[in-house]
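With chain A held as given, fit chain B onto it using these hints.
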Amino acid sequence: MIEMTDVSKTYANGVNALNNIDVLIEKGEFVYIVGPSGAGKSTFIKMIYREEKPSDGRIMINGHDLTTLKEKHVPYLRRNIGVVFQDFKLLPKMTVFENVAFALEVIEEPRSEIKKRVMEVLDIVKLKNKARFFPDELSGGEQQRVSIARAIVNRPQVVIADEPTGNLDPDTSWEIMDVLEEINKRGTTILMATHNRSIVNTIKKRVIAIESGRIVRDELRGDYGYER
Amino acid sequence: MKGRTLVRHGKEGLKNLGRNGWMSFASISAVTIMLIVVGVFLALILNMNHFMSSVEEDVEVRVYVDLTATEEEQKELEQHLHDLEQVERVTYLDKDEGLDQLINSLAEEDQEAFESLRDENPLNDAFILEAEEPQLTEHVAQQAEQLPHIDRVDYGEQVVEQLFNVTSVMRTIGIVLVIGLMFTSMFLISNTIKLTIVSRQKEIQIMKLVGATNGFIRWPFFVEGLLLGVLGSVIPIAAVVSGYSYLYTQFGERLSLDFAELLPAYPLMLQVSLVLLGIGALIGVWGSLMSVRKFLKV
Chain A
1 MIEMTDVSKT YANGVNALNN IDVLIEKGEF VYIVGPSGAG KSTFIKMIYR EEKPSDGRIM
61 INGHDLTTLK EKHVPYLRRN IGVVFQDFKL LPKMTVFENV AFALEVIEEP RSEIKKRVME
121 VLDIVKLKNK ARFFPDELSG GEQQRVSIAR AIVNRPQVVI ADEPTGNLDP DTSWEIMDVL
181 EEINKRGTTI LMATHNRSIV NTIKKRVIAI ESGRIVRDEL RGDYGYER
Chain B
1 MKGRTLVRHG KEGLKNLGRN GWMSFASISA VTIMLIVVGV FLALILNMNH FMSSVEEDVE
61 VRVYVDLTAT EEEQKELEQH LHDLEQVERV TYLDKDEGLD QLINSLAEED QEAFESLRDE
121 NPLNDAFILE AEEPQLTEHV AQQAEQLPHI DRVDYGEQVV EQLFNVTSVM RTIGIVLVIG
181 LMFTSMFLIS NTIKLTIVSR QKEIQIMKLV GATNGFIRWP FFVEGLLLGV LGSVIPIAAV
241 VSGYSYLYTQ FGERLSLDFA ELLPAYPLML QVSLVLLGIG ALIGVWGSLM SVRKFLKV
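If you read the sequences in order, they're chains A and B. Everything in the first sequence is counted per full-length UniProt numbering, starting at 1 for the first residue and increasing by one. Everything in the second sequence is counted per full-length UniProt numbering, starting at 1 for the first residue and increasing by one.
Chain B on its own, in the form it takes in the complex:
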């Protein structure tokens, strides 16, 4: 294609936007609304994912040593634990540290009551095991239970399993929702552009009659669709980026517990912006090409 023709298509596409002002406005609004929803969901899902994986990673197995075990036996046990397959790390937590942790995890007014326990610590010494994969936790726990000199093995069976279930359900719901929304917006855009094209049907008819090629006729609509999509993604990107950055600076710190924290705005927002821009451009172009195809059969 000649450069001059490309410029002409660009101009024509841009002119069409203005010429069909309200139609274009409607299209852009549709893209905007859809992309805001997609953007918010994307940020939500990505954070959820992040949260879930940090929870998964925090899953650990606590092996409490029998109170009667001698120091020898305890050493032996530690070696056995190290030898277990699928165990990544073994940390020793003696009962005093265990009590410290317990007291620290309590509300201040309750802490004093437990302080008295320091003289006669009722807790067991413990080993904390981390599995190579979060999903292997249960398996590791079962293996550990077979070993001698063990009081009990604790890994929050119910919690772990439920968490895994919730994680996968959330992911599935998120993916289905995002895909559904994308298709809805594609449909909306292609329909709106179809209306734009119907209003220019005469123009297309004349172009065909004077011998314009289909490619030539298609180009301005391609440009127009692209512009609609890209313009439609501007507000969502601005809204999601500024909204998320605001949320992050306001609540990011306060929200951050051991395992739950917001993803930092960068690079998350860059990724989300690119995804929104990409979706906008894609559905704009796709919508316009779908719509124009039918009208080329004059």
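Chain A extracted, bound-state conformation:
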């Protein structure tokens, strides 16, 4: 599914974000990416949806080599990858329904299909009754669920979540985890970068720890680590 071979990334300003990363993530896995701030988690994640290109090495997704992927094919790659951010990135002037439908409109899905699928995913994230609300009328957890709905509405094989619970209180964070687990159960691969110790230690999944740009730990049912 996702395969990185000897991947390194050095930014134009000389910052060396990742060094010789080798990793294989299979379809349907749920993987936590942990590590201190500035360790390279975000770079790792950005390279998967091709916001950043590796300086060295090779990244294969679904058999496509990202390092040789042409610029004009990038949009089609991204249709297979859903991305969820810490700050939700919802469009404030659109309703919940429109925010989710937006992801399908821009890839030119037929209107009838859009309506059906948006209602489907709003059901999954339990926001069907708030379809007509605007983002600022929702709580943080609800907003994050909208952004998850947007990320999964075009049925991607992979969902990447960059600290999805970073802005949320503990209770709400568990809600979000319920949603992500539910999506994972339906067969979607999930990569989640997080700083949330209790989540990682409670919902046991594969843990990849990155420090100073290197993978220092990769355990199938791991802990958060980094004892206080």
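Do not rely on the hints blindly, as some may be mistaken.
[Said to hold, decoys possible] 30 Å max Cα-Cα, derived DSSO-like pairs, lysine-lysine:
#1 A:K128 to A:K72
#2 A:K93 to A:K27
#3 A:K72 to B:K2
#4 A:K89 to A:K204
#5 A:K70 to A:K53
#6 A:K46 to A:K27
#7 B:K75 to A:K70
#8 A:K130 to A:K185
#9 B:K95 to A:K72
#10 A:K115 to A:K72
#11 A:K116 to B:K202
#12 A:K205 to A:K185
#13 B:K2 to A:K70
#14 A:K185 to A:K116
#15 B:K75 to A:K89
#16 A:K116 to A:K72
#17 B:K95 to A:K70
#18 A:K89 to B:K95
#19 A:K72 to B:K194
#20 A:K53 to B:K75
#21 A:K89 to A:K128
#22 B:K2 to A:K116
#23 A:K128 to B:K15
#24 B:K75 to B:K95
#25 A:K93 to B:K294
#26 A:K93 to B:K15
#27 B:K11 to B:K294
#28 B:K15 to A:K115
#29 A:K46 to B:K194
#30 A:K128 to A:K185
[Unchecked claim] Label-pair distances were calculated between CB atoms; the ranges are:
#31 B:Q205 to A:N201: 28 to 36 Å
#32 A:E98 to B:L289: 46 to 54 Å
#33 B:L289 to A:K70: 15 to 23 Å
#34 B:Q201 to A:D223: 53 to 61 Å
Simulated from the structure, these hints should not be mistaken for lab results. As the structure is a computational prediction, the values presented were derived from the model and not from experiment. The C-beta atom is built at its ideal place from N, Cα and C for all residues, glycine as well.
Quick look at chain B alone, frame taken from chain A:
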């Protein structure tokens, strides 16, 4: 592209205009002001051009026949003049007609003084030559001077040369000004649209993340730019057309001297309108595409 998508882009572009109301207003105002200036200048330059060419066409060579020349010799001279290269037309003006013209060109109170000259006309008979091209006037005059039985040749040397100089300088200044203004307005518009796009950067980012193609993202901005340009050209077109038509009906008749007259409102105003609309649309689209390009590299 599917028809539905095209409609969506149109709607989206239109919605963006409203959503970013003040930005759009600023853009449209910039286009409007620039196009008014361009429009006024265009009308001015075209009229100037027209005026210049009528002056150029009026340039003629007067060949005054020697008073001592016999009728035979005069006939001979006329034949010679006809034979000159680059001469298009030769008109004979006898001295009585010449005096009529002179008297008519004077103010009324001075006319009487000259009336007395009718009994003993001091003027020469003359031939009026028109060159094939206004620029050949001087050459024609020089050739004519070589012929026999000529008192003098008159073509307003200084005036002709100065006029040609003024004409070409005016044209150059006009063209430079119009081009300069066009670039200024293009720059202004692209900058204003850039601001509009910056305010929607998040939207573009999301579109890119969910897999919209660059073409898809570009289209609404294309539409928006086009609308900004076209809307910006509405007021200038209305202003220039109505202003010019007013001027023409008010002063067009009064201003018309032999050689200086305003161009009629039609087809001039149709041409100017189309040019303004074209410039508006062009700079709007150009500006938006220039601005959006940078933001697509997410």
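For this session: Please name the hints from earlier in the document that this structure breaks, with their numbers sorted from lowest to highest.
Result: Violated: hints 1, 2, 7, 9, 15, 17, 18, 20, 32 and 34.
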